[in-house]
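If you're matching them up, the sequences are chains Y and A in order.
Numbering-wise (our numbering), the first sequence opens with residue 5 and increments by one.
Numbering-wise (our numbering), the second sequence opens with residue 5 and increments by one.
Calculated from the structure, these hints are not laboratory results.
Predicted, not measured: the structure shown is a model, and the values here were computed from it.
For glycine and all other residues, C-beta sits at the position ideal for the given N, C-alpha and C.
Keep in mind that a hint or two might mislead.
Far from chain Y, by Cβ distances over 10 Å, these chain A residues were calculated [stated by the list, open to error]: (1) Lys-100; (2) Lys-165; (3) Asn-210; (4) Thr-227; (5) Val-259.
Cβ pair distances, simulated, as ranges [what the hints assert, rightly or not]: (6) Y:Gly-271 with A:Gly-271: 48 to 54 Å; (7) Y:Val-160 with A:His-208: 32 to 38 Å; (8) A:Ala-56 with Y:Glu-7: 40 to 46 Å; (9) A:Lys-125 with Y:Thr-296: 34 to 40 Å; (10) A:Thr-296 with Y:Ser-164: 56 to 62 Å; (11) A:Thr-296 with Y:Gln-122: 20 to 26 Å; (12) Y:Gly-309 with A:Ile-24: 24 to 30 Å; (13) A:Thr-74 with Y:Pro-293: 37 to 43 Å; (14) A:Arg-114 with Y:Gly-271: 46 to 52 Å.
Now for the letters of each chain:
Protein chains: 2
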Amino acid sequence: MAEPNILISEVGPRDGLQNINTIMPTADKKRWIQAQAEAGVREIEVGSFVPAKLMPQLADTAELVKFSKTIDGLSVAVLVPNLRGAKDAVACGVDKMSIPLSVSETHSQRNLNRTHDQMIKEIRSIADMVRQLPVEGRPHFEVGLSTAFGCSIEGVIDESKVLRLAERALEAGCDEIGLSDTTGYGNPTQVKRLVRSVKQAVGHNNLTGVHLHNTYGLGLANTLAALEEGIVTIDSSLGGLGGCPAAPGASGNIVTEDLVFMLQAMGLTTGIDLSLLLRVRDILTEALPKETLYGFLPNAGLPEGFVTV
Amino acid sequence: MAEPNILISEVGPRDGLQNINTIMPTADKKRWIQAQAEAGVREIEVGSFVPAKLMPQLADTAELVKFSKTIDGLSVAVLVPNLRGAKDAVACGVDKMSIPLSVSETHSQRNLNRTHDQMIKEIRSIADMVRQLPVEGRPHFEVGLSTAFGCSIEGVIDESKVLRLAERALEAGCDEIGLSDTTGYGNPTQVKRLVRSVKQAVGHNNLTGVHLHNTYGLGLANTLAALEEGIVTIDSSLGGLGGCPAAPGASGNIVTEDLVFMLQAMGLTTGIDLSLLLRVRDILTEALPKETLYGFLPNAGLPEGFVTV
């Protein structure tokens, strides 16, 4: 198989599970992570270092990080809401950690109870802490600009705000910026324009990934737009689990199965075996019988003559 | 409102209704057509001139054409399977008629019981018949190349076959070629490549429209790809009704509501008022209570701050 040119970052164990009421047993999460890594997924966001009382669904994140680190070649990612979470993440040896910075300040206050200035200060503290670690084993520290394409509270988000926050986050010392369409409001024209502008503002290599939602069914069209602007890392969730609890009406990440199908059909490589990936879904069906799983490919079945790797 | 730059061709009353078991009463179809035209949809495929015993769902096509012709500014389109149907269509005064020509000969034989040579002969007869009509009121005659992006029986469809049939259909005298992704197998890279190749082979103005299915959830991404290659007419179906009975596993046109949302969000104009369009859906819900309607926008609701016209 050719060297993969697109990195699929599976966020289901974090973004998916935090938005459903069922608490998935740790053993099932491990089976999921293991199977998905075996299907060729090279990065998985396994949890979030938030207080267990706020998000009991993700209380086993430390254990999952330790487990996932035993899987050869897997980049183990987590979400961190603040310095304290970042320290916990570092202690577990994560490969990557992301902090959400909502461009909508209203959303930032509702989601993490912090203003932009407070968030930038937190980002700086985390960056300083990371910089004091030995170079080897230092995790990649990303700031995910959430609500970058629109907010269900504030509505339209001015693009100059996104650019300014991207610059401030990098000045504060993070390694990279990501753009998140928390509400699914983004459209392909906007995705192209914003990716291009942010890359111009902060440098091509400081924006390589997007986190898109499929609330309006535009997730894959927006992915296409992002790819055309040089984005190479795409977040998605197996079965489309997930959403954003602080943005009313926003639901559903891009479905990993459909995303990988589109990319491979287009001749791009992800390193993922689509037949194996489709079987991972069975683990979710068994472990989360009450949850709805999404996706077109799983219902339609692979096209006649389609090559899955 | 600016002059619309994209034509949405609503195919639900034909492609949608032919693939469900319920027969929609003629009065409800008229309400649907009327309401959708009032929402700003400028072209509607109202039915198909096939024998009523084969497709009782569309037996009222002649009546619907006559009714639709009374709606100011509406382009009234129908599907015709053969010369006989085309004569009926002309007698009713349609503005546009399309005949499907399946690039997969196996599919052509199963769907219309005809080989490619037989189909080209039929197309020539129709074109000859049209040419003898007075210029004023002569319908636009399109050949829709179905299974152009893949066939659920034959699998991969060689692009040279598509080009050759496009050329043959135009030589036989049709006014225009359309590309149909009957099975939903198409991907954005393929859509771009094929649209470009066909335009090169037959001339830019002889390919302006595509008919894409959403079987694999790639309908809108494929639309984006087509738009980027200069396509300006997009077929879609309200609530995503429809599919192809002769292609096993193929289901679902692009959802008109989601398509219009994407285009308008991108700053393209369709002439459609999205708020009014969403209300047309209620007619389907009432008239077809047993049928599933699809679409993301109808569930998510319009984004905060979105301008609907």
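Cross-check of the supplied hints:
no.: 1; hint: Lys-100; in the structure: 27 Å, holds
no.: 2; hint: Lys-165; in the structure: 15 Å, holds
no.: 3; hint: Asn-210; in the structure: 26 Å, holds
no.: 4; hint: Thr-227; in the structure: 7 Å, violated
no.: 5; hint: Val-259; in the structure: 7 Å, violated
no.: 6; hint: Y:Gly-271 with A:Gly-271: 48 to 54 Å; in the structure: 29 Å, violated
no.: 7; hint: Y:Val-160 with A:His-208: 32 to 38 Å; in the structure: 36 Å, holds
no.: 8; hint: A:Ala-56 with Y:Glu-7: 40 to 46 Å; in the structure: 58 Å, violated
no.: 9; hint: A:Lys-125 with Y:Thr-296: 34 to 40 Å; in the structure: 50 Å, violated
no.: 10; hint: A:Thr-296 with Y:Ser-164: 56 to 62 Å; in the structure: 43 Å, violated
no.: 11; hint: A:Thr-296 with Y:Gln-122: 20 to 26 Å; in the structure: 46 Å, violated
no.: 12; hint: Y:Gly-309 with A:Ile-24: 24 to 30 Å; in the structure: 29 Å, holds
no.: 13; hint: A:Thr-74 with Y:Pro-293: 37 to 43 Å; in the structure: 53 Å, violated
no.: 14; hint: A:Arg-114 with Y:Gly-271: 46 to 52 Å; in the structure: 30 Å, violated
Of the numbered hints listed earlier, those contradicted by the structure are 4, 5, 6, 8, 9, 10, 11, 13, 14.
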